[in-house]
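Visitor: Sequence:
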Amino acid sequence: MQEAQSHTIELDDQPVFFLRAGDDDVPVLYLHGVPTSADDWLPFLREGGGIAVDLPGFGRTGKRGDGDFTVDGWARWLPRFLDAIGVDRVRICAHDWGAAGLLWAARDMGRVWRVAEALEAGIVGVNTGLISTEVAPFGGVKQSGIGRENALAALSHYSQLKTVYVETGNVASPY
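If you're matching positions, the sequence shown starts at 148 in the working numbering and goes up one per residue.
No false leads were slipped in.
Per label pair, the in silico range of CB-to-CB distance:
{"hint": "1", "residue 1": "Phe216", "residue 2": "Val282", "range": "36 to 46 Å"}
{"hint": "2", "residue 1": "Asp172", "residue 2": "Val218", "range": "24 to 34 Å"}
{"hint": "3", "residue 1": "Asn317", "residue 2": "Ala263", "range": "56 to 66 Å"}
{"hint": "4", "residue 1": "Cys240", "residue 2": "Pro182", "range": "12 to 22 Å"}
{"hint": "5", "residue 1": "Met148", "residue 2": "Gln307", "range": "41 to 51 Å"}
{"hint": "6", "residue 1": "Thr155", "residue 2": "Gly196", "range": "11 to 21 Å"}
{"hint": "7", "residue 1": "Val282", "residue 2": "Ile156", "range": "47 to 57 Å"}
{"hint": "8", "residue 1": "Ser306", "residue 2": "Glu150", "range": "47 to 57 Å"}
{"hint": "9", "residue 1": "Thr155", "residue 2": "Val271", "range": "34 to 44 Å"}
{"hint": "10", "residue 1": "Ser153", "residue 2": "Pro182", "range": "18 to 28 Å"}
{"hint": "11", "residue 1": "Asp219", "residue 2": "Val173", "range": "23 to 33 Å"}
{"hint": "12", "residue 1": "Gly196", "residue 2": "Asp230", "range": "19 to 29 Å"}
Everything labelled a hint here was simulated from the structure, so no lab data went into it. Model, not experiment: these values are computed from the prediction. Heads up, the beta-carbon is just placed ideally off N, CA and C, and yes, glycines get one too.
Could you put together the complete structure from these sequences and hints?
Guide: Below, the structure is given as structure tokens:
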């Protein structure tokens, strides 16, 4: 179990509060929903480490009168926050309005392609909720399952091709 440390920095002329546990090279960035705070993620930080930030306007982070408190505004704010704390790469875990992190990540197509190329199996959907179709194979590796579902790729898991020639006597070839 890891202890989460409290931190406050100054960013955009306002205090920004965050919790951090562990020292992963690529930490999980936990993003809370509305109207909560980084404290939602304390059990996860203790178990697996990472960073949980109070988004602007929530928890112990300031709320400037001229701030952009929209999902789009938070998506623009996140890279400045990560730069300020010296973190280049993160894994995102978000719920509710914390999905601003997903919007931020999706805007960097280089990042999207790096993630997609690193996956051994699965589906990557960017800016769409319709990522599964009956004509696209889906399947897992390792502990995620065996074989493929959907599409023609699924048939190979349930089929074995075999050819058997048997000659039982003086049979004329039909060819």
